[in-house]
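Chemist: Chain B: place on chain A using the hints.
Protein chains: 2
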Amino acid sequence: MSQHVVVIGGVALGPKAACRFKRIEPGSKVTMLDMSDLISYGGCGIPYYVSGDVPDAEALRTTAFHMVRDEKFFEDIKGVDVMTRTKATQVDRENKRVHYENVATGETGVLDYDKLVIATGATPRKLNMPGEDLKGVHYVSNPHDAECIRASISQGQVGKAVIIGAGFIGLEMAEAFADMWGVETTVVEIFDQIMPRLVSPTLARMGMEHMQEKGVEFHLGETVKSIEGDGKVQRVVTDKRTLEADCVIISVGVIPNDFVAREAGLQCHERGGIIVDEMLRTSDPDIYSGGDCAIIKNLITGQPLFLPLGSMANRQGRIIGNNLAGGESSFDGAVGSFVVKLFETSLAGTGLSLEAAEGAGYDAFSVMLTQLDRAHFYPTKELMTLELVVERGTRKVLGVQGFGSSGDAMVGRINAVASILKFKPTIDDISNLELAYAPPFAAAMDILNTVANMADNVLREMNRGVGPAEFEKMWAARESGDFCFIDCREQPDAQPYMERNPGHWQNIPQGEIYKRLDEVPENKTCVLVCNTGARSYEAQIMLTHKGHKNVINIHGGMASLKKYGIEL
Amino acid sequence: MSQHVVVIGGVALGPKAACRFKRIEPGSKVTMLDMSDLISYGGCGIPYYVSGDVPDAEALRTTAFHMVRDEKFFEDIKGVDVMTRTKATQVDRENKRVHYENVATGETGVLDYDKLVIATGATPRKLNMPGEDLKGVHYVSNPHDAECIRASISQGQVGKAVIIGAGFIGLEMAEAFADMWGVETTVVEIFDQIMPRLVSPTLARMGMEHMQEKGVEFHLGETVKSIEGDGKVQRVVTDKRTLEADCVIISVGVIPNDFVAREAGLQCHERGGIIVDEMLRTSDPDIYSGGDCAIIKNLITGQPLFLPLGSMANRQGRIIGNNLAGGESSFDGAVGSFVVKLFETSLAGTGLSLEAAEGAGYDAFSVMLTQLDRAHFYPTKELMTLELVVERGTRKVLGVQGFGSSGDAMVGRINAVASILKFKPTIDDISNLELAYAPPFAAAMDILNTVANMADNVLREMNRGVGPAEFEKMWAARESGDFCFIDCREQPDAQPYMERNPGHWQNIPQGEIYKRLDEVPENKTCVLVCNTGARSYEAQIMLTHKGHKNVINIHGGMASLKKYGIEL
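In the order they appear, the protein sequences are chains A and B.
Under the working numbering, the first residue of the first sequence carries the number 2, and numbering increases by one thereafter.
Under the working numbering, the first residue of the second sequence carries the number 2, and numbering increases by one thereafter.
Chain A extracted, bound-state conformation (with noise of 0.2 Å):
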């Protein structure tokens, strides 16, 4: 049977699930409706495109095979007819009509369809301030942003950007404006790390860290009052200081665009967004939607998820055009699966940070652990870090995030997780996670496998220890007597330290312990460093054994002290 198809939107999920429909039914019709004159684009390139590293913006509108997705190209390559331009006003579905207005004409047009996909997505949050609208202010949602955006650039009239909003768009434009075109970028953040919520507080300074270092500028748990400029930007004013600034970027989140669905009374969340069911339909069972604009569920929580990106809105257009075509494809919801790529390393991450499950009511902790890559032998490696969050009672691992360089290593590690996360795995599935092993690509007893170890450990009461923020603490009450800080290498490793903390810095070898237990104090908190935990560990489990009770192991040792910008 024919249908006639109308899709609201031609970004990611629109124009996935009119080529899908019409490939399992070729005999039907399709038309897809936008509002822009540019639809189909990658959306995500717009960073890349800015940076230069996308030559050009007609890029993240080309198919791999080069050619350009514009009307044209959906009309004969795939078969759907396209408006673009072209406002849908209305969603009559009584009639099953749809009302339209061309934005440029005004001419309007009414569409039957038989079934609708709203794909409407999201707009770019506003500060809602004064300044917004001064030249030279922008939001990072299309290609004519980010044309132009790179147009001011190239033109040598941004000497100085900042950035409100340290998110993954705010991070990614911070590195495209400082690293490849040498501007003075300044992120300024509400929150008191960057990626609030979606990485803990340090493997967020980790990633700021490096961003510092790189030449970007930060300023965390700021508000910004103003933007102010003559007819262009000149400053941003925040409750601490006053930036200056040709060029402001906001990136503080995005709306999702449910109004003519709010309109058409389809059922959508109080906070924004269209609600779906695991078929994507809507509360009217010939309308669907998906991407930027619905919202889905948490497998982790199962509570309502608002994730948009532009992965989750392809999957979900394939699903939709199957069940189009009369299928019964579901999407079971989302855990959460994030990288963002910071210069030469990247954060990344799934499922929930410790305080989002926190904040999601589970009795949660996580172990933070910092590894080679691959075999040690190997001669090219990196060290990684990663933060396994774990439930308890339960033991089921609710997310894991880390950080490590640019390169697939990290993110593989974090998508090995991803995939299992929705069949609740605990730290056991973890720990004999059959990663793929060869030296160039992993060690023996992998970061993954080594980093569910350590939650069991610490289960266990074997492995008492704090990660870099707390030990920045402790070594800041060195003076207080409180403390003796060990350190558990060789001696050569150990040296430097202890001529540069003279009184404060021990050094016992792991191997050692027992013979000098007598240089253990017995009145202090024993902190215990080597270089990425384990000997650490072990000397904790030997000053356990012989009776002290009072012993901290620093997670993650001098390797992630110093990733945290730890000067010792």
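Since the hints were made in silico from the structure, they are not lab data.
Each pair may be met inside one copy or between any two copies, as identical chains are not told apart.
Pairs of lysine to aspartate or glutamate, DMTMM-like flavour, derived with a Cα cap of 25 Å:
1) Lys425 with Glu279
2) Lys73 with Asp115
3) Lys88 with Asp38
4) Lys547 with Asp77
5) Lys97 with Glu76
6) Lys30 with Glu513
Modeler: Chain B only, in chain A's frame:
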């Protein structure tokens, strides 16, 4: 309660079990025996020592923090007593005693145990043919072999090497010889492909093509008849030829060392290997085993599996350590993940190959996809090829194998499936797999999602295709008039092929199919080709929609034909 644990075997599992147990019960005593003078070495690193990537052999025996894992290390750092050059000659289960003999002095003795671990590993399989003991004929088993091989190369004694067996070690050794030392290297394999049963013939040929480009010669489907020489090896004689050789590596698999267990009456597999339960206990509850001498469960088939891998041994060692201390840790089995680096490429996999699946009785099929590892507009990217093996009726994923660059991107995809496999995912789970997405790391629709979608399309009979092996046969029959080869790319891409193959290579860009239907012959099998198989798939749908029945899509397109070594 203090225990005495005896561990037979000082590599991988043995030390891991010993140290883990000792950490949980620091007051107990552990004695570890090994026949060799060298213990706890990373045998998997031997090819990288032979190549020179690892500068000295001792690096294979050091920790990440540069301590040599010798007797003193285990005693001081780990609290484990070690007896090297000591062979366990008999296990007296009734009296819970191990009889041993010093292989250097002949001295014998007895150790009482509360619990015993048999970690005797595996021995390289011998060919049992003349010449196997000649000087210059080596197995790759321990650092002594490694030093011997590297010494002979670095002293310039090796101009020509023959490697017998094209499994992991054989291929790694071939790379080591050819890449770093410029040795004329020939691999002889009894099967018709490298990595038999582990990857499909097509993936195997892609890997072999790359190794051939790097100068390694292969003779497949050949049986070695004898190894000849006058005191020192001079040639290898197969059933088809004689190969000159200064150095021969025999790498035809390993045999589990179950002798001492079998003699003690422990249950062993009829084809070798100690049988253990999920707690890694042998048929005697006070005796544990694991690693290369034990048989585990294949989590896909439920059948016994012999999988001698250092990574597996380490994970099992920890579980045994836990259980020695009264724990109830379990090791449920393995799915068989692997990766091998071949110069600038790698082959990896997890679960069953199509051949292994069919061998295990599954009604299985596979699809093979070649796609970029990240967003196509991102400046750095590589093509990778994945083959997904699926059970037809249930849509269950049985395995995935891949060929790609030697970076971490491909093995990352394999690992994402490896971790989910034991939960018996369907293709829909892989289609929706939520990998972390950003353009520097993945495409919005990741290759893993796409290969599962492709399997779905094959099951729906929307995508009817074959890979390069079948293309090669059809192309060889191009003069028969049975086939027409239609290049679905744009004219400039197709032009060179039309010029080189006049009368055989036709071009109809996919977007023009409907307009140029009269150019498609109705009485021939239409073979559709594009870059990677995406446009030819669309063209197939269009032709099918217009009534053409005999249309074949070349999966992987020109990209996979090229990797497979087909010149057009």
